[in-house]
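Colleague: Knowing the structure of chain A, use the given hints to seat chain B on it.
2 protein chains.
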Amino acid sequence: MSLTNASPEQAARSAKISSRTLATLPTHARNAALDAIHDALADAREDILAANARDMELAKKSSQNGELSPSIMKRLDLSRKGKFDDMLQGIKDVRALEDPVGRVDLRTELDEGLILQRQTCPIGVLLIIFEARPEVIANIASLAIKSANAAILKGGKESTESFKAISTVISKALESSEVPNDSIQLVTTRDAIDGLLELSQYIDLVIPRGSNDLVKHCQQKAHMPVLGHADGLCSIYIHSDADKDMAVNVVVDSKTDYPAACNAVETVLVHEEVIDTILPAVASALIAKGVVLRCDEASRTALSSHLPKDQSLLLQSAADADFSTEFLDLILAIRTITFDPKSPTAAIDTAIDHINTHGSHHTDAIITASKASADRFCSGVDSACKFWNCSTRFCDGMRFGFGTEVGISTNKVHARGPVGLAGLMIHEYRLAGNGQGAAMYGGSGGRQYTHRKLPLS
Amino acid sequence: MSLTNASPEQAARSAKISSRTLATLPTHARNAALDAIHDALADAREDILAANARDMELAKKSSQNGELSPSIMKRLDLSRKGKFDDMLQGIKDVRALEDPVGRVDLRTELDEGLILQRQTCPIGVLLIIFEARPEVIANIASLAIKSANAAILKGGKESTESFKAISTVISKALESSEVPNDSIQLVTTRDAIDGLLELSQYIDLVIPRGSNDLVKHCQQKAHMPVLGHADGLCSIYIHSDADKDMAVNVVVDSKTDYPAACNAVETVLVHEEVIDTILPAVASALIAKGVVLRCDEASRTALSSHLPKDQSLLLQSAADADFSTEFLDLILAIRTITFDPKSPTAAIDTAIDHINTHGSHHTDAIITASKASADRFCSGVDSACKFWNCSTRFCDGMRFGFGTEVGISTNKVHARGPVGLAGLMIHEYRLAGNGQGAAMYGGSGGRQYTHRKLPLS
Numbered sequence: 433m434s435l436t437n438a439s440p441e442q443a444a445r446s447a448k449i450s451s452r453t454l455a456t457l458p459t460h461a462r463n464a465a466l467d468a469i470h471d472a473l474a475d476a477r478e479d480i481l482a483a484n485a486r487d488m489e490l491a492k493k494s495s496q497n498g499e500l501s502p503s504i505m506k507r508l509d510l511s512r513k514g515k516f517d518d519m520l521q522g523i524k525d526v527r528a529l530e531d532p533v534g535r536v537d538l539r540t541e542l543d544e545g546l547i548l549q550r551q552t553c554p555i556g557v558l559l560i561i562f563e564a565r566p567e568v569i570a571n572i573a574s575l576a577i578k579s580a581n582a583a584i585l586k587g588g589k590e591s592t593e594s595f596k597a598i599s600t601v602i603s604k605a606l607e608s609s610e611v612p613n614d615s616i617q618l619v620t621t622r623d624a625i626d627g628l629l630e631l632s633q634y635i636d637l638v639i640p641r642g643s644n645d646l647v648k649h650c651q652q653k654a655h656m657p658v659l660g661h662a663d664g665l666c667s668i669y670i671h672s673d674a675d676k677d678m679a680v681n682v683v684v685d686s687k688t689d690y691p692a693a694c695n696a697v698e699t700v701l702v703h704e705e706v707i708d709t710i711l712p713a714v715a716s717a718l719i720a721k722g723v724v725l726r727c728d729e730a731s732r733t734a735l736s737s738h739l740p741k742d743q744s745l746l747l748q749s750a751a752d753a754d755f756s757t758e759f760l761d762l763i764l765a766i767r768t769i770t771f772d773p774k775s776p777t778a779a780i781d782t783a784i785d786h787i788n789t790h791g792s793h794h795t796d797a798i799i800t801a802s803k804a805s806a807d808r809f810c811s812g813v814d815s816a817c818k819f820w821n822c823s824t825r826f827c828d829g830m831r832f833g834f835g836t837e838v839g840i841s842t843n844k845v846h847a848r849g850p851v852g853l854a855g856l857m858i859h860e861y862r863l864a865g866n867g868q869g870a871a872m873y874g875g876s877g878g879r880q881y882t883h884r885k886l887p888l889s
Numbered sequence: 433m434s435l436t437n438a439s440p441e442q443a444a445r446s447a448k449i450s451s452r453t454l455a456t457l458p459t460h461a462r463n464a465a466l467d468a469i470h471d472a473l474a475d476a477r478e479d480i481l482a483a484n485a486r487d488m489e490l491a492k493k494s495s496q497n498g499e500l501s502p503s504i505m506k507r508l509d510l511s512r513k514g515k516f517d518d519m520l521q522g523i524k525d526v527r528a529l530e531d532p533v534g535r536v537d538l539r540t541e542l543d544e545g546l547i548l549q550r551q552t553c554p555i556g557v558l559l560i561i562f563e564a565r566p567e568v569i570a571n572i573a574s575l576a577i578k579s580a581n582a583a584i585l586k587g588g589k590e591s592t593e594s595f596k597a598i599s600t601v602i603s604k605a606l607e608s609s610e611v612p613n614d615s616i617q618l619v620t621t622r623d624a625i626d627g628l629l630e631l632s633q634y635i636d637l638v639i640p641r642g643s644n645d646l647v648k649h650c651q652q653k654a655h656m657p658v659l660g661h662a663d664g665l666c667s668i669y670i671h672s673d674a675d676k677d678m679a680v681n682v683v684v685d686s687k688t689d690y691p692a693a694c695n696a697v698e699t700v701l702v703h704e705e706v707i708d709t710i711l712p713a714v715a716s717a718l719i720a721k722g723v724v725l726r727c728d729e730a731s732r733t734a735l736s737s738h739l740p741k742d743q744s745l746l747l748q749s750a751a752d753a754d755f756s757t758e759f760l761d762l763i764l765a766i767r768t769i770t771f772d773p774k775s776p777t778a779a780i781d782t783a784i785d786h787i788n789t790h791g792s793h794h795t796d797a798i799i800t801a802s803k804a805s806a807d808r809f810c811s812g813v814d815s816a817c818k819f820w821n822c823s824t825r826f827c828d829g830m831r832f833g834f835g836t837e838v839g840i841s842t843n844k845v846h847a848r849g850p851v852g853l854a855g856l857m858i859h860e861y862r863l864a865g866n867g868q869g870a871a872m873y874g875g876s877g878g879r880q881y882t883h884r885k886l887p888l889s
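Sequence lines, in order, name chains A and B. The first sequence begins at 433 in the working numbering and counts up by one. The second sequence begins at 433 in the working numbering and counts up by one.
Isolated chain A (complex conformation):
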């Protein structure tokens, strides 16, 4: 790892060169580098915590001046119980994952002795931009080395001392490994982000890990693809045939398990037929958990007549903007979906339209007893994740069984939904022959392609 005061362009160019060496290293060489990083960080715990304490000291002053939020201070603090050990364990966890490089997913005989193979290979150079959390360096360096990608890391200024300490240790650890030192570059110069975002000749993919504003900024400025999502406006639609207990459990979990998460629910759509039956149970459970409900007129009227006075007094009226807001807090917007007795699917279609118009294409769920209704909902909703009778909170790389999570993507190309190591791969085609030319094929008397599917060996 280079702790670079070089220009963004120099950092990016040397990362690109190193990426080609990294791409040719076998699994054991990359795993050995991860072991070396793990052990070196464990040995340097005290130095790193001392550096982090210096960051915290400055942060405390900024916080007292009102320049820094308490939540950023919390994220910055590496001395919190278990945090350092979690960082070390994270390296071991990534090391234990299957090697994502060189997986063959297509083999075709084009002709006798002319064999085509498609296999995974690293993307090249990743630019990872993150904010306060210093342990992200170790996490990202592990993911990059495991996936044989070079990485340029750009961190927030609050954690400069911690970054420098961690990167110095990683740099030293890499010296004893086969992974080129320039594979992981830390850029500490101020305001280098925009310059980096233009270097599409060297940088292949940007992964912003931080606030919505950071992601939006990258999406607007980057000359290369950006992996991630800016907003997480998730909705749940309660259909007329929903099970009441299920609706209560799923909505309460989706809203209250971790309200600040991108996969928490922000809007509940409820079929008009059940606003007097299921909705009061859902609303009552939410209010008991401290959730503020912003209701459209029909749902507010229904709830007012069913909820006990102390709860109904807490109801608020929804403004239009509430249905386009990611609250990231214990606030939920509720909209009634009217139905047409002549068209049994009209309500589902209205819910789909609402979600496609107001949502952020992240994760949306339906509660229904009918597979046909669930299928219609899942086909119509234009989101990365469509859930049936379960919490939106399951949208997560670890929960999906990917072993790690690079981020959650709402992109329409490359990777979508929770992204594991596979999202840091692209494929290449290898064709092996014994002298064939294309002019030998087709026409009258020419050879014919066999296009025989071969087993993946």
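Read the hints as simulated data drawn from the structure, not as lab findings. Treat the hints loosely; a few may be bogus.
It does not matter which identical chain is meant; a pair holds if it fits inside one copy or across any two.
[Stated by the list, open to error] Derived pair list, reagent style DSSO-like, types lysine-lysine, alpha-carbon separation capped at 27 Å:
{"id": "1", "residue 1": "LYS604", "residue 2": "LYS515"}
{"id": "2", "residue 1": "LYS803", "residue 2": "LYS885"}
{"id": "3", "residue 1": "LYS513", "residue 2": "LYS774"}
{"id": "4", "residue 1": "LYS721", "residue 2": "LYS803"}
{"id": "5", "residue 1": "LYS721", "residue 2": "LYS676"}
{"id": "6", "residue 1": "LYS885", "residue 2": "LYS524"}
{"id": "7", "residue 1": "LYS506", "residue 2": "LYS648"}
{"id": "8", "residue 1": "LYS589", "residue 2": "LYS515"}
{"id": "9", "residue 1": "LYS741", "residue 2": "LYS492"}
{"id": "10", "residue 1": "LYS596", "residue 2": "LYS506"}
{"id": "11", "residue 1": "LYS721", "residue 2": "LYS493"}
{"id": "12", "residue 1": "LYS493", "residue 2": "LYS803"}
{"id": "13", "residue 1": "LYS676", "residue 2": "LYS524"}
{"id": "14", "residue 1": "LYS492", "residue 2": "LYS596"}
{"id": "15", "residue 1": "LYS741", "residue 2": "LYS596"}
{"id": "16", "residue 1": "LYS589", "residue 2": "LYS492"}
{"id": "17", "residue 1": "LYS513", "residue 2": "LYS493"}
As the structure is a prediction and not an experimental result, all values here were calculated from the model.
Modeller: For chain B alone, kept in the frame of chain A given last:
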């Protein structure tokens, strides 16, 4: 298909809305629409050819004024033998391909009764920008409908009359089908490209089909991903242990089979040890086919002493720029790769460096008898396609057995190399449960995820 004089924004918005309906249509509905388009175009052959004749009339005048190249006129002419029938057959061929939508490629039990599934789904709205060839409309409309993507088509002004005629026929054919009319939009307003390239809220992917300048323009201006390649600077490296006949056959085919293609070879790198043995045979065969050779000093000296006078007189000296030039013509640059007897892999590594620096990451080949050398080359070269002992001309969707080709991508994310229908897909996750919430899992006493891999059913 709408023949729209609407604003680019209106066209894009209505394409987006239609795309959600299209995404829910079953295979047979999309195939029926392709049949209807095929039959309607066959019936309207005379009207379309009459419209094309009007385009040709105008083009002839522009050509006489020197404003239009003869090659564009050739591409514009739909009345050339077999062209109309090929267009019709192309629709049938796309119809016959397997449905790319809804293919399940991952099924995991997260817990009993909580089943995760990843499946392919259409990307949404494609913007296809193309130049003179009017038959591309039918081809692209077929690919879009088959893959359940809406498409906005923007054609070159030379073929306006042909486009209008074909699109009117397709529009009428779609009226009798379940495919929404707005799914295929033809934009004929002048200079609408830049406006369309900014509409990332409606358009998910741009596919430019035309000149390098068009592709570069899209890459620079588009706010959404661009699928394709601007340059095709392909190289072949002849290693010291190459078979002479194989080298001759592969290089001659790669250069002369179709010199204007993106997968034709532009640079040959040759190991110093074989510039007096293999290279003269390769050079002689190329010159006999009319290829002009631009040689570095060592290869020129060697060839001058081995080739007959009439051939050696035709040799040219290479300038630096020749090794960064996509000639698209019967011109080839030749560079000698020096070797270090102490390091048997140094020559391969030099060839790799040359290709990664000067090439366009499209298709590069090695001629060698050694699998180890081929593997080293393939791992080191940063290209979509790496070929061993066969012509670069095999880089092609039809030849790879994909049934159709949307284009060839040098992108590092999403799709790379020849792109078939699979490149017009993204995936979605569907999770089905029976009321589970995330708070039930983990911690002490919480449920554990099973993460059991299920067969793809």
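Colleague: None of the hints should be skipped; say for each whether it holds.
Modeller: Hints and how they fare:
1. LYS604 / LYS515: within (22 Å within a copy, 64 Å between copies)
2. LYS803 / LYS885: between (35 Å within a copy, 22 Å between copies)
3. LYS513 / LYS774: For LYS513 and LYS774, neither the intra-copy (60 Å) nor the inter-copy (55 Å) Cα distance is at most 27 Å.
4. LYS721 / LYS803: Cα proximity of LYS721 and LYS803: none, with 31 Å in one copy and 65 Å across.
5. LYS721 / LYS676: within (18 Å within a copy, 79 Å between copies)
6. LYS885 / LYS524: between (38 Å within a copy, 23 Å between copies)
7. LYS506 / LYS648: within (24 Å within a copy, 45 Å between copies)
8. LYS589 / LYS515: within (20 Å within a copy, 62 Å between copies)
9. LYS741 / LYS492: neither (44 Å within a copy, 83 Å between copies)
10. LYS596 / LYS506: This pair counts as within: shortest intra-copy Cα distance 19 Å, inter-copy 62 Å.
11. LYS721 / LYS493: Close neither inside one copy (35 Å) nor across copies (77 Å); limit 27 Å.
12. LYS493 / LYS803: neither (57 Å within a copy, 62 Å between copies)
13. LYS676 / LYS524: Neither way: LYS676 and LYS524 sit 43 Å apart in one copy and 50 Å across, limit 27 Å.
14. LYS492 / LYS596: Within one copy only: 19 Å inside, 67 Å across.
15. LYS741 / LYS596: neither (57 Å within a copy, 66 Å between copies)
16. LYS589 / LYS492: Close inside one copy (14 Å), not across copies (63 Å); limit 27 Å.
17. LYS513 / LYS493: within (23 Å within a copy, 80 Å between copies)
In the structure shown, a violation is registered for the earlier hints numbered 3, 4, 9, 11, 12, 13 and 15, in ascending order.
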